[in-house]
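Chemist: Work the whole structure out from these sequences, hints included.
Counting from 1, position 173 in the sequence shown corresponds to residue 174 in my numbering; the numbering is continuous, with no gaps.
Read the hints as simulated data drawn from the structure, not as lab findings.
Warning: the hint list may mix true and false statements.
[As the list claims (entries may be wrong)] Straight-line alpha carbon distances no greater than 20 angstroms define the calculated EDC-like cross-link-like pairs of lysine to aspartate or glutamate that follow: (1) Lys142 x Glu249; (2) Lys88 x Glu146; (3) Lys213 x Asp44; (4) Lys246 x Glu146; (5) Lys34 x Asp44; (6) Lys113 x Asp37; (7) Lys138 x Glu249; (8) Lys42 x Asp222; (9) Lys213 x Asp41; (10) Lys113 x Asp41; (11) Lys252 x Glu146; (12) Lys113 x Glu210.
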Amino acid sequence: MQNSVIAIIQGIVEGLTEFLPVSSTGHLILTGKLLDFSGDKADTFEIVIQLGAILAVAVIYWRRILNLLGLIRMKPGSLEQSDSAHKLNLIHVILACLPAMALGLILHSFIKSYLFSPYTVLVGLVLGGAFMLYGQKKQAKVQAESVDQLSYKQAFLIGLYQCLALWPGFSRSGATIAGGLLSGVNYRATTNFSFLIAIPMMVAASGYELLKSYSTLTSSDIGFFAIGFIVAFVVALLAVITFLKLLERFKLAPFAYYRFALAIVFLAYLLLNA
2 MQNSVIAIIQ GIVEGLTEFL PVSSTGHLIL TGKLLDFSGD KADTFEIVIQ LGAILAVAVI
62 YWRRILNLLG LIRMKPGSLE QSDSAHKLNL IHVILACLPA MALGLILHSF IKSYLFSPYT
122 VLVGLVLGGA FMLYGQKKQA KVQAESVDQL SYKQAFLIGL YQCLALWPGF SRSGATIAGG
182 LLSGVNYRAT TNFSFLIAIP MMVAASGYEL LKSYSTLTSS DIGFFAIGFI VAFVVALLAV
242 ITFLKLLERF KLAPFAYYRF ALAIVFLAYL LLNA
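Modeler: What follows is the structure, encoded as structure tokens:
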């Protein structure tokens with residue numbers, strides 16, 4: 002029963018935060034600390050529930066994904082499609098993913114050894130929130146109203162900003178959305194692009210980690226992992242659709258202030274329980 006409760010809580014946390022600009026990794030580390038859930042099993046569990054969140058985005062954007070792969074032609078008017086010409090292609094996605102993938106491979110051992118702690122997460126939450134406020138305030142003149150108007154340069158710039166999220170707590174979506182604003186992409190377009198490039202980024206990162214840690218899995222863990230996977234999938238499905246609507250209304254600032262508040266509250270908790 003206790004394992005099921007942990008699986009549900011962590012699944013909800015992952016589903017809610019993976020695509021919001023608040024850092025899912027940071028939240029999982031912090032809630033893992035509160036639940037006393039850490040170690041190899043916890044690390045593998047986080048990978049599995051991330052795959053559940055990835056599946057949710059793939060379901061929402063399945064037409065766009067098949068369009069990028071050249072398997073179908075999309076009609077204008079869907080959630081992720083504008084009325085402009087179908088210009089987004091795999092080169093945009095590759096340019097946006099390569100910087101963080103390359104740097105992540107180079108720094109993987111350092112990041113795992115030194116940056117996955119509650120205190121480093123709190124630093125990431127604050128720095129990421131400050132960057133989001135900066136991106137909102139200094140938003141460049143909009144040159145791309147939809148993902149189909151993104152240039153290769155803008156896609157690559159967003160990819161460079163995504164490297165900031167290698168610091169746990171910074172937030173991949175926060176870095177890419179704020180980076181998109183600084184690169185002349187409007188809120189909705191940069192959010193859609195952020196979600197799209199999350200799929201290959203997370204599949205690559207999760208796949209790499211899963212190959213390294215699959216030996217920790219046993220048959221008795223199947224139910225525990227399945228609960229977390231399903232909960233993360235369902236919650237992420239609802240969170241992405243809701244976030245697209247909220248972002249257009251509230252922008253990034255409320256999420257940044259939430260990050261600051263969370264950092265303060267959790268720092269107090271850590272100090273009181275030191």
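Chemist: Are lysine 138 and glutamate 249 close enough, with their CA atoms no more than 20 angstroms apart?
Modeler: holds, 15 angstroms
Chemist: Does the structure keep lysine 213 and aspartate 44 at a Cα separation of 20 angstroms or less?
Modeler: Given that 20 angstroms is the threshold and the Cα spacing comes to 11 angstroms, the pair holds.
Chemist: When you check the alpha-carbon spacing of lysine 113 and aspartate 41, does it fall within 20 angstroms?
Modeler: holds, 12 angstroms
Chemist: Holds or violated: lysine 113 with glutamate 210, Cα cutoff 20 angstroms?
Modeler: Judged against 20 angstroms, a Cα distance of about 11 angstroms means the pair holds.
Chemist: Lysine 213 and aspartate 41: Cα distance at most 20 angstroms?
Modeler: Within the cut-off at roughly 11 angstroms; holds.
Chemist: Is lysine 42 within 20 angstroms of aspartate 222, Cα to Cα?
Modeler: holds, 9 angstroms
Chemist: Going straight from one Cα to the other, do lysine 113 and aspartate 37 come out at no more than 20 angstroms?
Modeler: Measuring from Cα to Cα gives roughly 19 angstroms; hence the hint holds.
Chemist: CA of lysine 246 to CA of glutamate 146, is that 20 angstroms or under?
Modeler: Measuring from Cα to Cα gives roughly 16 angstroms; hence the hint holds.
Chemist: Hey, lysine 34 versus aspartate 44, does the alpha-carbon distance stay inside 20 angstroms?
Modeler: holds, 13 angstroms
Chemist: Compare the distance between the alpha carbons of lysine 142 and glutamate 249 with 20 angstroms, and conclude whether the hinted pair is satisfied.
Modeler: Cα-Cα ~17 angstroms, so holds.
Chemist: Could you grab the alpha-carbon distance between lysine 252 and glutamate 146 and see if it respects the 20 angstroms cut-off?
Modeler: Holds: lysine 252 and glutamate 146 sit about 16 angstroms apart, inside 20 angstroms.
Chemist: Mind checking the alpha carbons of lysine 88 and glutamate 146 for me, to see if they're no more than 20 angstroms apart?
Modeler: holds, 13 angstroms
The structure fails none of the hints (numbered hints given earlier).
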